[in-house]
Amino acid sequence: MLGLTLKETARVLNEGSVTAAELCAACVARARQVQQLNVFITETYDMAGQQAAESTLRHRQGSRLHVLDGIPVTIKDAFSTAGIRTTCSSRILRDYVPPYNATMVQRLVDRGAVLLGKTNMDEFAMGSGSVDSIFGPVRNPWKYNFQTRHQEQDSQPIRDSCHDLKPKSMQMRTMHHHVTSTEDSDWFITGGSSGGSAVAVAAGICKAALGSDTGGSVRNPASYCGVVGLKPTYGLLSRHGLIPLVNSLDVPGIFTRCVDDAVIMLGALAGHDPKDSTTVSDPFQPFSLPEHIDITRLHVGIPKEYHAPHLSEETLSTWKRAADMLEDAGARVSQVSLPHTPYSIVCYSVLCAAEVASNMARYDGLEFGHRGSDHSSTEALYAQTRHEGFNDVVRGRILAGNYFLLKRHYDHYFTQAQRIRRLIANDFRKVFEGGVDILLTPTTLSPARSYRWFVQADNRTRTEQEDVFTQPVNLAGIPAVNVPVSLSEDGLPIGLQLIGQSFQEKTLLTAAKWLEQQVNFPHLQLPDPSEMS
Amino acid sequence: MASSAHKFCVERILLSCRRSLRTCSRSYAKAKTKKDHTSPLPGGWQGRVGLEIHAQISSNSKLFSGSQVQFSAPPNTLVSPLDASLPGTLPVLNRRCVEAGVLTALALNCHINRRSLFDRKHYFYADLPAGYQITQQRLPLAVNGHMTFDVYDESRSQRQVLKSCQVRIKQLQLEQDSGKSLHDQENGEVLVDLNRAGVALMEIVTEPDMVDGAEAAAMVKELQLILQALGTCDGNMSEGSMRVDANISVSRSNEELGTRAEVKNINSAKFVQKAIEYEMQRQIRVLEGAGEVEEETRYFDWKAGKTISLRDKEQRHDYRYMPEPNLPPLIVYTDATSPRGMQDSVVNIDRIREQMPELPDTTRRRLVEKYGIQFQHSVALVGEGLVEYFETLIDVKGKGRDPRSAASWVLTDLLEQLHKRSLTFQECSVTASKLGEIVDLVGMGTISKSTGKKSVVLYKAHMLQLTCPTKYIFCWIFSQILGLLFDGDNRSLSQIIEENEWAQIRDEETLGRICDDILEKHTELVEAYRKGNVKVVNRLMGEVQKATNRCAEPTVTSRVLKLKLEEH
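Sequences listed follow chains A and B, in order.
1 is the number of the first residue of the first sequence in UniProt numbering; add one for each residue after it.
1 is the number of the first residue of the second sequence in UniProt numbering; add one for each residue after it.
With the rest of the complex left out, here is chain A:
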């Protein structure tokens, strides 16, 4: 049952052949089986058991709340959960327990979903590897050698072992102290920042997971972990309770095994929230996708600027093959231009840093979170609290952001970045106005890289490389989805990104489902947990 999709699982639960409690137990067993991957920051297995028991009862009584009733889910640790600590992988929030649920969490709870835990991520979602977490890096399940590492895991607990945060070089970073030996660094990164949620779905721990996508933080790990990762239109899903990275770019995102599952999740989560003034007021009409899809009237654009310098051969050929498939099936495929794409990552960096500087100002140790011990003055307390609480990536972005927002720099950086943002949004708008329905691009430059390779450059360098194809979409506020398409020669997933028009999720996901049907992606198969023990 761990290999089933959400849709299939809902059916067996409804039929009664499997109970929510049995399913939950199996998922917990799987989570324990793959514990080395460091998926969770906080496990909520007891609560999940409780929720599953209640769901089982509802199914027996024939009073299922929703198709999600009894479905195990996981949630990125950036979403506030009432009574469950919410850390954003940061020391400053390590013991922070929110008094309220994020709207996305509440909607899942209200529909009977079973919450297994809060997933690991880059600190405050700043990163694209899920390696910069105080709880240690998340590991990609693909090509991961579980057997040999099994013993090591028992003696070396990974979780919650953060202490002595030594300042790291900005140029070259050392291995995270969670990674104990050179051999131990020989595994693949998950991508990020929502790496934990991507792995949770890929490894079969849950049927769906919540992430957040500011510059690619859902699509990037979805691509590396071989799952569907949807970034909906800005304003369609509520951000209330999502600890922000960049308010004007952040979007709650959805991880599932297949496109149909993403559609179910979207139907459960989308729509106006009075607690988030940036959500659209028009009611969202949930939809489902047909099994037989006709793409002959679909116009697919291939943006030439996405043929970037460091694009790997394998990714490029996967992209080309997908374009050919579409054309062969009767879709109109044409090359288009998004001329301002090269400026996008710089624009993103400025806007991101500026909002980070502002958003992080509240972490002063007074109302909540970590508080330093230097009480000699309020300023000294702030300085120590924030130095201890944030990693160097966060501190670096705060510094840069405050620089950009200074009165004498504001026009030169912030206003300029906003102008470029508009140009980028206009690029997309023009292409869509020209009759293109969706765009097809790579999601990342290559399949997942090894941890050893990844940490040879700093967070900023890696983020600029990793987000190159994904962040323009955030700047434009439009929806996009990663669809796993094939495996590389090394056996790692390669995903492609489809980009749609604002609030045209149905068109976007219809095309995504068609692609998914054609490629028949080989999902990760892990041995049954019962066989392992």
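FYI, nobody ran anything at the bench for these hints, they're computed from the structure.
Keep in mind the model is a prediction, meaning the values are calculated, not measured.
Positions of the beta carbon are idealized from the N, C-alpha and C atoms, including for glycine.
Please note that the accuracy of each hint is not assured.
The list that follows gives simulated cross-link-like pairs (lysine-lysine, DSS-like), each with its CA atoms no further than 27 angstroms apart [said to hold, decoys possible]:
id	chain 1	residue 1	chain 2	residue 2
1	B	K306	B	K180
2	B	K546	B	K535
3	B	K121	A	K407
4	A	K407	B	K264
5	B	K170	A	K407
6	B	K521	B	K535
Here chain A is said to cover these stretches of chain B; the calculated rule only asks that three of the stretch's residues, wherever they fall, bring their Cβ under 8 angstroms from a Cβ of chain A [said to hold, decoys possible]:
id	region
7	84 to 93
8	124 to 137
9	320 to 329
Following the hints, put chain B in place on chain A, whose structure we already have.
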């Protein structure tokens, strides 16, 4: 007496008409705001004052959260996750606060921006949980208004208009208040109360159109009355519902504006005046000593009567303003632009304009024109918030109470009782109709008009801001009854009068007996009268009043007394 008062009223009306005409012509020629009166500063110095007034919007809940607003609630009991800036919380704009802002802006003749924006203003302070304040820096709710007000001559007992002024309103913006910090020096602790954090403020910014402290104080008082009339702010400066920052500069006449110093957080109109007067003198001293005025932030130490530099890095603060990304632009509509089907959920300027109440300046003129009361009384009634009380008092069906007397009853007897007990008008337990009953008892002759002490001096001492009618003399029994009612006496008026034997004595026979008694006791006075000293009648009258507990009807008593004197 009556006719002269009446004559004075007519003059007032004419004067007030002239005034309003002046006001009109002024608003057409806005550029020529003032300078037709000279600054009182010595040595050819010219002062300039611009004000930034923070007015707390009267609203049940905060600007961006559902938390309640209440003064003096236990610390940190009115704090939502947003007010404490818990991560992930988002601001949701309170429509009531926007409506209050629009109504106020309309009253101040502002242009309402159909689209305005919110910004974040960053600084670190213990009572600012988010590390930024949400305000409207780039594009505020309203701009380019103006307001007129009179400066009264406070030095004389008659409240005369010294000059009429107009000040331009630069902008009106919505913003959040901060929390409160309490510095416990003894324990080296800072205590933070977030009850006020996130409460809605209107910041009203004027151009530097005022020349001295008196003008600025008069402007603040008039604004206070306007806000109270609108119901958008209670104007209570002692509770901090209205706080004033004054930008003060001096320069040689006809020169450009001097360097300004900002005096922050002044919490009464009187201190506005004092702070400005002190600060101008200080700046003149500095400049005449060939020094330079520093552009800095100061505060007013009211105990010392001085402004003191905060020596704070704050003036060098770069607030790193940034658009607030969680709030879409604030759009206000008109009847013509209001989206169909959403009329009830949007802010509509035309609908709000319809709710515009009468503003203080109009009320003052109306009271004079409609009721013929003195302009000073009208100013006092408006200034004390007694208009409704006054109008209820005189507007009783079938009982046309004399407005001029009624104004006096309210402004003297009623206010005396309130001030004696340090009560505000809101805490007044005697209703207008009850007061009216006592007034009627005097009118019907049930109780005597006989006077007691002259209380004017006492009254004046209580009223720092209000100049009262000088010639009014209290009716003694009336005050006694009113005093009992304020003390919570809930007997009926007739019971009170009966049990205290306060009913007026007008029966000639009874008065004759009393007069006989008095004359017998004061044979020396009777003797003096016989010798032609008619003045002793007054002393004898006084003795009769004393003997009757001031209940003898004066006219009858006087006649009876004179008759008896002749008989003797």
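Tested hints:
As the CA atoms of K306/B and K180/B are separated by approximately 24 angstroms, the hinted pair is consistent with the 27 angstroms bound. Between the alpha carbons of K546/B and K535/B the distance comes to roughly 18 angstroms, so the proposed pair stays at or under 27 angstroms and holds. For the hint linking K121/B to K407/A, the alpha-carbon distance of about 12 angstroms falls within 27 angstroms, and the restraint holds. A C-alpha spacing of about 23 angstroms is found between K407/A and K264/B, which places the hinted pair at or below 27 angstroms, so the restraint holds.
With a C-alpha separation of about 22 angstroms, the suggested pairing of K170/B with K407/A holds against the 27 angstroms cut-off. Using a Cα cut-off of 27 angstroms, the hinted pair K521/B and K535/B holds, with the two alpha carbons roughly 18 angstroms apart. Counting residues of the region 84 to 93 of chain B whose C-beta lies closer than 8 angstroms to any C-beta of chain A gives 10; at least three are required, and the coverage claim holds. Coverage of a stretch by a chain is defined here by at least three residues with a beta carbon nearer than 8 angstroms to that chain's beta carbons; for the region 124 to 137 of chain B and chain A the count is 6, and the condition holds.
With 7 residues carrying a beta carbon less than 8 angstroms from a beta carbon of chain A, the region 320 to 329 of chain B meets the three-residue requirement, and the given coverage holds.
Consistency with the previously given hints is maintained throughout, with no hint failing.
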